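Please work from the sequences and hints to get the whole structure.
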Amino acid sequence: MLEVKGLNVKYGEIHAVRGVDLEVREGEIVSLIGANGAGKTSTLGAIMGILKAKTDGKIVFEGKDISGLSAWNRAKLGITIVPERARIFANMTVYENLEVGGYLLDKETFKERLEFVYSLFPRLAERKKQLALTLSGGEKQMLAIGRALMLSPKLLLVDEISLGLMPKLVDEIFKVIFKLREKGITVLISEQNTKKALQISDRAYVLQNGKIFKFGNSKELMEDEDIKRAYLGV
Amino acid sequence: MTFDYFFTVLTFSNIFIVLALSLNVVMGYAGQVSLGHAAFFGIGAYTSAMLAAKFGWGYFPTLLMSILIGAFFGFLLGLPSLRVKHDFLVLTTIGLNFVVVAVFKYIDFFGGPYGIIGVPRPTFFGIELGTGGYALYTGIWAIIVILLMMCIEKIYLRYGFEAIKENEDAAESIGVSVPRFKIYAFTISGALAGLAGNLWTYQMGMVFPDDFSFSVSISILTMVVLGGVGTISGPVVGALIITFLPEILRPIQNYRLLIYGIIIVLVMLYQPGGLLGKNGILRNMFKR
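Each protein sequence line maps, in turn, to chains A and B. Heads up: the first sequence begins at 1 in our numbering, then just goes up one per residue. Heads up: the second sequence begins at 235 in our numbering, then just goes up one per residue.
Derived by calculation from the structure, the hints in this document are not laboratory data. Computed from a predicted model, the values in this text were never measured in an experiment. Possibly wrong hints are sitting among the right ones.
[To be verified] Each computed EDC-like pair below joins lysine to aspartate or glutamate, with the alpha-carbon atoms no more than 16 Å apart:
no., chain 1, residue 1, chain 2, residue 2
1, A, K5, A, D65
2, B, K388, A, E225
3, B, K388, A, D106
4, A, K52, B, E402
5, A, K175, A, E28
6, A, K52, B, D403
7, A, K54, A, E13
8, A, K128, A, E99
9, A, K179, A, E26
10, A, K64, A, E23
11, A, K154, A, D171
12, A, K183, A, E28
13, A, K195, A, E225
14, A, K183, A, E26
15, B, K388, A, E99
Right under this line is the structure:
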């Protein structure tokens with residue numbers, strides 16, 4: 001479904017992503033793991049086309065080279081992102097956030113998508129009239145996922161969803177991400193919480209200083225001595 | 235108060251309703267602060283004045299050209315707005331206002347400081363509109379623009395505008411094209427300000443560079459801020475207040491700018507959303 005070849009991202013003199021190659025197959029959950037500053041967010045940003053940095057390399061989605069396309073066109077093809085720290089529309093209500101997320105949909109499809117999001121996150125339905133800025137950290141993340149799901153994405157990019165959340169909420173959100181696969185949505189997730197990411201994903205790529213350090217089956221990576229030592233604290 | 239006088243003030247209020255709503259598109263909906271809106275108003279006004287007085291064009295072709303040229307310059311200002319934001323955008327728009335006025339004032343082709351005179355009253359099917367007729371005509375345009383705003387609030391444009399107003403990065407993450415929506419906002423805004431310019435020219439019969447100076451931009455801004463940024467009723471009520479208030483308080487008209495300044499400060503302090511914005515006094519009164 002998604003193929004990234006030789007991806008480079010540069011912020012001035014800083015080379016954040018160095019020749020990253022990765023692949024995401026339809027129906028998979030793939031995780032990008034690594035320490036802070038490893039290049040995970042830059043990689044996802046480059047795939048979505050929202051980076052304001054010098055980017056080169058080839059990004060192919062469903063057989064089409066999308067490297068030169070704007071984020072707007074990539075979203076229309078079926079890619080959306082749940083950005084780091086949610087970035088919800090704070091001064092809008094929960095419902096309005098979802099309304100903006102589904103701004104390209106006709107009335108019927110909008111209604112269907114809204115019900116789908118509310119079924120995944122009943123708490124959003126309960127708080128639909130509440131201003132987004134008054135939500136808790138976990139609810140904000142739920143809203144960010146819900147907003148991204150309004151456009152019926154084929155590939156959902158999820159960036160550091162667990163950042164700053166308490167463990168119970170992290171579990172809840174990861175359960176929903178796992179459920180998305182059953183609904184036919186492919187997920188590429190970047191995470192610092194290596195254990196959680198490896199538990200829910202089929203395959204994983206480990207980034208270190210902007211380069212792919214290791215990749216493979218998540219279960220196998222969980223048993224890998226280097227990964228255990230560096231990321232799982234074993 | 236004679237009828238002619240009343241109709242004249244009514245005409246100005248209609249023109250300012252169109253103008254305030256045009257600024258509201260870019261500022262209220264898309265969140266891009268513009269302090270040089272009089273430039274587009276002037277461009278629309280000068281387009282009609284030049285075509286009518288110098289080249290003898292009829293009313294409707296000049297109306298169309300004012301809207302198109304206003305839209306074109308709105309589009310042009312939309313381009314730098316993709317690169318500059320916030321304070322820098324404010325300075326860019328102020329600069330544009332000064333440049334446009336200077337061009338009108340110092341280039342003879344545009345009539346220089348003496349402006350352009352001799353614009354005839356518009357005629358429809360050979361009948362020249364009187365003061366009452368023109369007030370009605372501008373009123374119809376004000377209603378059309380209000381309806382247009384209601385349409386914008388119903389279609390996807392509103393969501394795109396709201397998204398870029400709230401958070402450009404978040405908007406991009408859900409595939410809202412920030413450049414596209416900014417350009418839409420500035421182009422629509424420029425077109426409507428051009429329309430207001432046309433209505434102004436045919437009301438006055440002449441145009442002068444200082445009719446479109448920076449202080450006029452401040453007046454337009456005051457109308458929007460006073461009424462309620464981002465609402466439809468706010469700029470309408472703001473335009474009515476700012477047009478009728480000086481007529482009621484004629485003796486202190488020389489202190490107009492001072493009064494506008496005080497109004498803006500008071501509104502910012504006590505009614506930051508405007509009289510008809512969120513938690514506005516007038517809005518709450520109507521809710522009851």
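The hints, checked one at a time:
Between A:K5 and A:D65, the direct Cα distance comes to roughly 11 Å. Compliance with the 16 Å bound is thereby established for this hinted pair. A C-alpha spacing of about 57 Å is found between B:K388 and A:E225, which places the hinted pair above 16 Å, so the restraint is violated. Restraint check for B:K388 and A:D106: satisfied, since their Cα atoms lie roughly 12 Å apart, inside the 16 Å limit. A distance of roughly 12 Å separates the Cα atoms of A:K52 and B:E402; the hinted pair therefore holds under the 16 Å criterion.
Taking the CA atoms of A:K175 and A:E28, the gap is near 15 Å; set against the 16 Å cutoff, the hint holds. With a C-alpha separation of about 10 Å, the suggested pairing of A:K52 with B:D403 holds against the 16 Å cut-off. Annotation: proposed proximity of A:K54 to A:E13 holds, straight-line Cα distance about 10 Å (limit 16 Å). This hinted pair checks out: A:K128 and A:E99 have alpha carbons roughly 11 Å apart, not beyond 16 Å.
A distance of roughly 15 Å separates the Cα atoms of A:K179 and A:E26; the hinted pair therefore holds under the 16 Å criterion. Under the criterion of a C-alpha separation no larger than 16 Å, the hint pairing A:K64 with A:E23 is consistent with the structure, at around 14 Å. Note on A:K154 and A:D171: the hinted pairing is violated, with a Cα-Cα distance of about 23 Å set against a maximum of 16 Å. About 12 Å separates the Cα atoms of A:K183 and A:E28, which keeps this hinted pair within 16 Å; it holds.
For a cut-off of 16 Å, the pair hint linking A:K195 to A:E225 stands: about 14 Å separates their Cα positions. For the hint pairing A:K183 with A:E26, the CA-to-CA distance comes to about 12 Å; that is within 16 Å, so the pair holds. Between B:K388 and A:E99, the direct Cα distance comes to roughly 12 Å. Compliance with the 16 Å bound is thereby established for this hinted pair.
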